[in-house]
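**Student:** Sequence:
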Amino acid sequence: VCLYFALKGLPPVTDPILVLNGENKLSSVGDGSTVINNICFPSQVSSLYAPDGMSLASVTIIGNEKLMAKESRDGKDVYVLSDDELELSVRSQLAEWWSKEVTDSW
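Just so we're aligned: 12 in the working numbering is position 12 of the sequence shown, and the numbers increase by one with no gaps anywhere.
No false leads were slipped in.
Calculated pairs, EDC-like style, for lysine to aspartate or glutamate (alpha carbon to alpha carbon, straight line, at most 20 Å):
#, residue 1, residue 2
1, LYS100, ASP84
2, LYS70, GLU87
3, LYS8, GLU87
Computed spacing ranges between beta-carbons, pair by pair:
#, residue 1, residue 2, range
4, GLY75, VAL102, 37 to 45 Å
5, LEU88, TYR49, 23 to 31 Å
6, TYR79, ALA6, 22 to 30 Å
7, SER82, SER58, 19 to 27 Å
8, GLY75, VAL19, 38 to 46 Å
9, ASP15, GLU96, 17 to 25 Å
10, THR60, GLU85, 12 to 20 Å
11, ASP15, ASN37, 15 to 23 Å
12, TRP98, LYS76, 35 to 43 Å
13, ARG73, SER46, 37 to 45 Å
14, SER72, GLU101, 36 to 44 Å
15, GLU85, VAL19, 19 to 27 Å
16, GLY53, ASP104, 17 to 25 Å
17, ALA95, LEU10, 15 to 23 Å
Think of the hints as simulated: they come from the structure by calculation, not from any bench. Where is the CB? At the ideal position from N, CA and C, for every residue including glycine.
Put together the whole structure using the sequences plus the hints.
**Tutor:** Pasting the structure below:
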């Protein structure tokens with residue numbers, strides 16, 4: 001799963017690189033609902049990925065048991081974790097990598 005975020009100004013990493021999760025444990029989020037595998041800022045590779053004065057963040061996450069869990073609702077299988085919960089969990093993990101002040105504006 002990939003999530004994309006728009007940032008005002010330059011990203012926290014200005015080199016055109018892929019930042020890998022090098023932690024011993026794959027998730028330090030309390031409920032373990034997401035695992036950020038990597039993040040990159042494509043607008044550092046090409047300015048065509050974001051308008052002037054903006055940057056693009058691309059976050060790739062790896063699903064774990066909770067993230068991939070489904071349940072039946074109204075006869076349809078749906079993911080237990082909502083899109084909003086997923087985003088909140090990813091933002092929480094991003095704030096551990098960079099300060100909350102940096103990632104709150106994404």
